[in-house]
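One-letter residues, chain by chain:
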Amino acid sequence: MLTLSARFILGGAFVYASFDKILHPAAFAEAVYNYQILPDGLINLTAIVLPCLELVLGIFLIINFWMPGTVVISNLLLMTFIGALLFNMARGLNINCGCFSTTAVESSMNILTVLRDTSFLAIAVYLLYAIFFSRK
Amino acid sequence: MAKSRSIRENNVKTGKVKYFQAVWQGGALLALSILLALSINQLRPDRLPLMGDWSFKAKLTTPDGDRLDISFEEAEKLFMKKSALFIDARSMDEYVKGHILGARSLSWHDVDRRFIEVTEDISPDTLIITYCEGATCELSCDLALFLLDMGFNNVRVLLDGWTLWTKGHLPVEKGNGVS
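Protein chains in written order, with the numbering used here: chain A, 1 to 136; chain B, 1 to 179.
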């Protein structure tokens, strides 16, 4: 039951996060650019591929498909997101997170954004444990 | 004893299988996502080029092909004729330490919070010149693009403006008396 809930929460979050980015690729590319982490040549490619990766991960989590691979990639992706947020917060960059929306309506990233992503990571880590280490 | 050993061996075997699954499934999942993403991008009317031009020069060009940057000499003339409003895109701290005489402060980092307060009395046709400090400083460019988006249709950027202004010994002031 707990694993089912974890899959649905994380999967739902990934699917929800992907929609706005898929609908507005140029705005999401701008958000990726604002992070000032990737070289220019990878910005558009990331803006095109990342939302679809989130969508596929979300759907696979919900339908319980290819779970070992899905959960590993989910963990890596969330760790990357948190790393990028912390890195930019540490250097004082005040930008929109671009996590769930590409519009400027979304507030700038802050410690709450990191906590939100960390809670998703906690769920992903739980799923990792349930799949790889649980004896059930 | 033999049974528990068998269970342990089975667990190890299952674990190895799962690690192997994680590797090939992860790879396949990434490949599937890339394929899906490229297909969606190819089919959409507003498709993104795979390699975008994110250079500073490209940022200074509007979608209509107009250049946003203005030369120092031109900016100086407009300042002397009082026909342009200068907006400082640097932080408030830097603005207080010194800024172009009469310039307003609208730090790019505070733009969401202070935009209305700073611009409510500016007509959309006013010639606005944004500036910051440093040849690679993009704050003024980001601010100019934002102002264009907000409906100001006569916005230009003085690249490395603060440095050029002080080197040219043009009028400056300190404090935060103006916005």
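Since the hints were derived computationally from the structure, they do not count as laboratory data. If you're wondering where the values come from, they're calculated on a predicted model, not measured in any experiment. From the three backbone atoms N, C-alpha and C, an ideal C-beta is built for every residue, glycine too. Any given hint could be a false lead.
Unchecked claim - Computed spacing ranges between beta-carbons, pair by pair:
1) A:Gly83 with B:Pro63: 27 to 37 Å
2) B:Thr61 with A:Val114: 47 to 57 Å
3) A:Leu2 with B:Gly65: 50 to 60 Å
4) A:Leu38 with B:Arg47: 12 to 22 Å
5) A:Val125 with B:Leu50: 28 to 38 Å
6) B:Leu38 with A:Gly12: 17 to 27 Å
7) B:Leu38 with A:Val125: 51 to 61 Å
8) A:Leu115 with B:Met80: 45 to 55 Å
9) A:Phe19 with B:Met80: 18 to 28 Å
10) B:Arg47 with A:Leu76: 35 to 45 Å
11) B:Ala28 with A:Phe100: 39 to 49 Å
12) B:Glu94 with A:Phe100: 39 to 49 Å
13) A:Thr3 with B:Leu32: 21 to 31 Å
14) B:Glu73 with A:Leu38: 29 to 39 Å
### Task
Take the C-beta atom of Arg47 (chain B) and the C-beta atom of Leu76 (chain A), compute their distance, and say whether it sits inside 35 to 45 Å.
The hint (35 to 45 Å, Cβ to Cβ) is violated, given that Arg47 (chain B) and Leu76 (chain A) are roughly 28 Å apart.
### Task
Indicate whether the distance between the beta carbons of Gly83 (chain A) and Pro63 (chain B) respects the range 27 to 37 Å.
Distance hint for Gly83 (chain A), Pro63 (chain B) holds at roughly 33 Å.
### Message
If I claimed the Cβ atoms of Leu2 (chain A) and Gly65 (chain B) lie 50 to 60 Å apart, would that claim hold in this structure?
### Response
The hint (50 to 60 Å, Cβ to Cβ) holds, given that Leu2 (chain A) and Gly65 (chain B) are roughly 57 Å apart.
### Query
For the pair Leu38 (chain B) and Gly12 (chain A), does the Cβ-Cβ distance stay inside 17 to 27 Å?
25 Å, holds
### Task
With respect to the beta-carbon atoms only, verify the hint that Phe19 (chain A) and Met80 (chain B) lie 18 to 28 Å apart.
52 Å, violated
### Message
Assuming the hint says 51 to 61 Å, is it satisfied by the Cβ distance from Leu38 (chain B) to Val125 (chain A) or not?
### Response
31 Å, violated
### Query
Does the Cβ-Cβ separation between Glu94 (chain B) and Phe100 (chain A) fall within 39 to 49 Å?
33 Å, violated
### Assessment of proposed distance window 12 to 22 Å (beta carbons of Leu38 (chain A), Arg47 (chain B))
20 Å, holds
### Task
Using the Cβ atoms, figure out if Leu115 (chain A) sits within 45 to 55 Å of Met80 (chain B).
52 Å, holds
### Task
Starting from the range 29 to 39 Å, see whether the pair Glu73 (chain B) and Leu38 (chain A) falls in it by beta-carbon distance.
The hinted range 29 to 39 Å holds for Glu73 (chain B) and Leu38 (chain A), with Cβ atoms some 37 Å apart.
### Query
If you check the beta carbons of Val125 (chain A) and Leu50 (chain B), does the distance land in 28 to 38 Å?
34 Å, holds
### Query
Does the Cβ distance between Thr3 (chain A) and Leu32 (chain B) fall inside 21 to 31 Å?
At roughly 23 Å between Cβ atoms, Leu32 (chain B) and Thr3 (chain A) fall inside 21 to 31 Å, so the hint holds.
Checked against the numbered hints listed earlier, the structure breaks hints 2, 7, 9, 10, 11, 12; every other hint is satisfied.
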